[in-house]
Amino acid sequence: MEWKVYFEDNPGCHRPHRGRPGQEVSCGAHSVWGGQHFIIPAIYLCGKGLVVDICRRVEREAIEAHYQKLAAYEGMDIDECPPEVVELAEAEDPFGSFDYLPSAAINGKTVEYSRGAGEYYNPLRSEEEIVCSGEQAARDIVKHYGLDPEQGWDLRQWSFPWATKRRPAHITSLTLTLTQREQPAEAVQFTAAPGKTVEFAHPVTGVPCVLTVKDLKPARLPENDLPHMGPPMEWPREFVEMTYTLTPAVTTGWVQVNDCASSDKPIRKSDAPTEDGAIGIIGGADGPTAIFVSGKQQGDTRTACSSLHFAPMEPENIRWKVTYYQKQFPDETIALL
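This note's numbering puts the first residue of the sequence shown at 1471, with every later residue one more than the last.
Treat the hints with care, since some could be wrong.
To be verified - Taking lysine to aspartate or glutamate and the DMTMM-like style, the derived pairs with C-alpha atoms no more than 20 angstroms apart in a straight line are: (1) K1518 - D1479; (2) K1739 - E1557; (3) K1666 - D1770; (4) K1613 - E1598; (5) K1539 - E1557; (6) K1791 - E1562; (7) K1613 - E1529; (8) K1579 - E1802; (9) K1791 - E1560; (10) K1735 - E1708; (11) K1797 - D1563; (12) K1518 - E1557; (13) K1474 - E1494; (14) K1684 - E1784; (15) K1687 - E1786; (16) K1539 - E1560; (17) K1539 - D1563; (18) K1791 - E1598; (19) K1684 - D1770; (20) K1791 - E1693; (21) K1797 - E1562; (22) K1684 - E1786; (23) K1791 - E1711; (24) K1797 - E1656; (25) K1739 - E1693; (26) K1666 - E1786; (27) K1739 - E1708; (28) K1613 - E1494; (29) K1666 - D1685; (30) K1739 - E1711; (31) K1684 - E1669.
Keep in mind that the hints were calculated from the coordinates and are not lab data.
When you get a sec, could you build the whole thing from the sequences and use the hints?
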């Protein structure tokens, strides 16, 4: 099948289009950044802008190791897995744990992306699994660019509108800058009480930090703040609110204080209960699984909210965690032309 790329379409898509496909220009640019191997095999010059394909290699050994670590939970629904296992799976997933955003400089003018889409190519999947999961597009991309099919690939396609009203007649310079998205790093877990101080080291910089609890009290989510879409549900509403200060102030990235436990799942309200009075728990693809209350900041004082429960919780029994989010690597600029 003829390979065509359009400005507003997903990578590897072969559906009919009325407009003209982009003009493919081979790049073959490579970069090793943040311990990751990137390949930019081609760009596409379209009427509305520039399309760039970015391929990040995911080592087969890393995928196999990740599978082995989670083998004990294979076949288990995500709602049945312990929260710490789900967090670990997301944090160490070799496909999704390294995230970034690109910008392009076309003839010296910086342009932000207008859309991005992606596919994962997993070499451990069988042909049947590829077809059933709809991953043929990823396989086609790997084949088109001659990428190693024995390795995994994080395949992303980014569209950049032209900085001028029309497509430039000539592109004399083109660079791509990759910026890592802030990565989570847990600093400490603790239980709280008014006046309590928690000393810990910043998980990335090692700088000493102090969290001081100012207040800790039970709270109840107002009825008006509950979701009102979908089937009638009963939602957990009880939570604990903590106000605190944190020193030194966060100057790069951001910080979040959360409950270590998950919220209770909502339950469906039934007009005709079963004989034993059981109520179904809705989760995953069948409906909403949980809601949460986010914290806020006013001056130096921050507010954190625990997970939601049906029964009131003892404030001193809540276990909290401090997580910092920041970039681990400086930006990477790659010359494409």
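Here is how each hint holds up against the structure:
1. Annotation: proposed proximity of K1518 to D1479 holds, straight-line Cα distance about 12 angstroms (limit 20 angstroms).
2. For the hint pairing K1739 with E1557, the CA-to-CA distance comes to about 30 angstroms; that exceeds 20 angstroms, so the pair is violated.
3. Restraint check for K1666 and D1770: the C-alpha separation of about 17 angstroms stays at or below 20 angstroms, so the hint holds.
4. Only pairs whose Cα atoms come within 20 angstroms are accepted, and K1613 paired with E1598 is accepted, the gap being roughly 18 angstroms.
5. As the CA atoms of K1539 and E1557 are separated by approximately 13 angstroms, the hinted pair is consistent with the 20 angstroms bound.
6. Restraint check for K1791 and E1562: the C-alpha separation of about 19 angstroms stays at or below 20 angstroms, so the hint holds.
7. Between K1613 and E1529 the alpha-carbon distance is near 17 angstroms, which keeps this suggested pair within the 20 angstroms criterion.
8. Distance check on the hinted pair: K1579 and E1802 sit about 17 angstroms apart at the alpha-carbon level, within 20 angstroms; holds.
9. For the hint pairing K1791 with E1560, the CA-to-CA distance comes to about 17 angstroms; that is within 20 angstroms, so the pair holds.
10. With a CA separation close to 13 angstroms, the supplied pair K1735 and E1708 stays within the 20 angstroms bound.
11. In summary, the hint linking K1797 to D1563 is supported, as the alpha carbons are separated by about 18 angstroms, within the 20 angstroms threshold.
12. Between K1518 and E1557 the alpha-carbon distance is near 40 angstroms, which puts this suggested pair outside the 20 angstroms criterion.
13. Our distance criterion of 20 angstroms between C-alpha atoms is met by K1474 and E1494, whose separation comes to about 9 angstroms.
14. Using a Cα cut-off of 20 angstroms, the hinted pair K1684 and E1784 holds, with the two alpha carbons roughly 17 angstroms apart.
15. For the given pair, K1687 sits about 9 angstroms from E1786 by alpha-carbon distance, which is consistent with the 20 angstroms threshold.
16. In summary, the hint linking K1539 to E1560 is supported, as the alpha carbons are separated by about 12 angstroms, within the 20 angstroms threshold.
17. Taking the CA atoms of K1539 and D1563, the gap is near 11 angstroms; set against the 20 angstroms cutoff, the hint holds.
18. The suggested pairing of K1791 with E1598 is violated, with an alpha-carbon distance near 42 angstroms, which exceeds 20 angstroms.
19. A distance of roughly 11 angstroms separates the Cα atoms of K1684 and D1770; the hinted pair therefore holds under the 20 angstroms criterion.
20. For a cut-off of 20 angstroms, the pair hint linking K1791 to E1693 is broken: about 28 angstroms separates their Cα positions.
21. At most 20 angstroms may separate the alpha-carbon atoms for a hinted pair to count; K1797 and E1562 meet this at roughly 16 angstroms.
22. Using a Cα cut-off of 20 angstroms, the hinted pair K1684 and E1786 holds, with the two alpha carbons roughly 13 angstroms apart.
23. Between K1791 and E1711 the alpha-carbon distance is near 14 angstroms, which keeps this suggested pair within the 20 angstroms criterion.
24. For the hint linking K1797 to E1656, the alpha-carbon distance of about 14 angstroms falls within 20 angstroms, and the restraint holds.
25. Annotation: proposed proximity of K1739 to E1693 holds, straight-line Cα distance about 16 angstroms (limit 20 angstroms).
26. At most 20 angstroms may separate the alpha-carbon atoms for a hinted pair to count; K1666 and E1786 meet this at roughly 11 angstroms.
27. Restraint check for K1739 and E1708: satisfied, since their Cα atoms lie roughly 18 angstroms apart, inside the 20 angstroms limit.
28. Under the criterion of a C-alpha separation no larger than 20 angstroms, the hint pairing K1613 with E1494 is consistent with the structure, at around 16 angstroms.
29. For the proposed pair K1666 and D1685, the alpha carbon gap of about 9 angstroms is at most 20 angstroms, so the pair holds.
30. With a C-alpha separation of about 28 angstroms, the suggested pair K1739 and E1711 falls outside the 20 angstroms cut-off, and the hint is violated.
31. The hinted pair formed by K1684 and E1669 meets the criterion: a straight-line CA distance of about 15 angstroms does not exceed 20 angstroms.
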